[in-house]
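S.K.: Protein chains in written order, with the numbering used here: chain A, 93 to 206; chain B, 85 to 192.
If you are wondering where the hints come from, they were derived from the structure by calculation, not from laboratory data.
Hints are all accurate, no fakes.
Selected chain B positions facing chain A (in silico; Cβ < 8 Å):
1) Gly124
2) Glu125
3) Gly126
4) Pro127
5) Leu129
6) Ala132
7) Phe172
8) Asp179
9) Met180
10) Phe182
11) Gly183
12) Ala184
13) Gly185
Restraint ranges, calculated between C-beta atoms of paired labels, are given here:
14) Ser166/B - Glu151/A: 26 to 36 Å
15) Ala191/A - Glu138/B: 17 to 27 Å
16) Leu192/A - Ser141/B: 18 to 28 Å
A virtual CB, placed ideally from N, CA and C, is assigned to each residue, including glycine.
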Amino acid sequence: GAVVSQHPSRVICKSGTSVKIECRSLDFQATTMFWYRQFPKQSLMLMATSNEGSKATYEQGVEKDKFLINHASLTLSTLTVTSAHPEDSSFYICSAKQALYEQYFGPGTRLTVT
Amino acid sequence: GQQLNQSPQSMFIQEGEDVSMNCTSSSIFNTWLWYKQEPGEGPVLLIALYKAGELTSNGRLTAQFGITRKDSFLNISASIPSDVGIYFCAGRNNDMRFGAGTRLTVKP
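Chain B extracted, bound-state conformation:
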């Protein structure tokens, strides 16, 4: 099925460090998206990727749509405390499926 495997499950990093997380699937997706969710809130769209191989940045965030269309990664450079939250990848064809999330903790 269209299950997404997101890793790592959680990360504990020091402020200023770079972060990398990824999502893989056994199925091909036409669109990959990355969201951030803070406690008690809905997800907020960070980056949307529409083309295999596409590399897109949004400030300190960079995401890539894998060439095989079965994976995507998200990098956060020079992390800051407000980067704390849960990051979800999502793959979309007709509907959207979410990964399990990566819980990021940033220590000042």
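Just chain A, same shape as in the assembly:
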């Protein structure tokens, strides 16, 4: 199947700093990328959907100024958590989709804000 990578896999940052997470589709061009957030023992919650070259569409309740998403190319999307706080600590997972095909998920990024 298609391969999606995320970097970093784990990051610890101090409260008030910003953190950037990268999501790459390694062997296909992703017309759409998705960002999810997952709390321990909970399901995946969609945060936003981004199409290459367009502004991301955020789900209700997700602050677009706090979670900046850039989908600059067909193989790369980035999520920047700005002014992170401890409550932003979570497992962030991206997925990538090519046209008529299914979504493939990245391995996730564990963010801990101290």
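Let chain A serve as the given structure and place chain B on it in line with the hints.
M.R.: Showing chain B alone in chain A's frame:
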């Protein structure tokens, strides 16, 4: 809304036993999918179902898209220890919604 109800929440079974889990919704979905997630990893697609009534197998896994388009089930036959993980159903129309997951533990 498009909320999915997945059950059971968790299962503890003996190796070799069969497993069944299901997902229901008050809304109709055009596609049902089943994913498996292992600790610290992203979900991996197991089976995708595109047509009401469709029954699809992937090795020891079998899933069905309910006739009403409001439900789906996943069966795992002859479970093995590596089946351990969290299984998520997902329903999709324009976007995808996930169930809460079924945590499977297999005792050797």
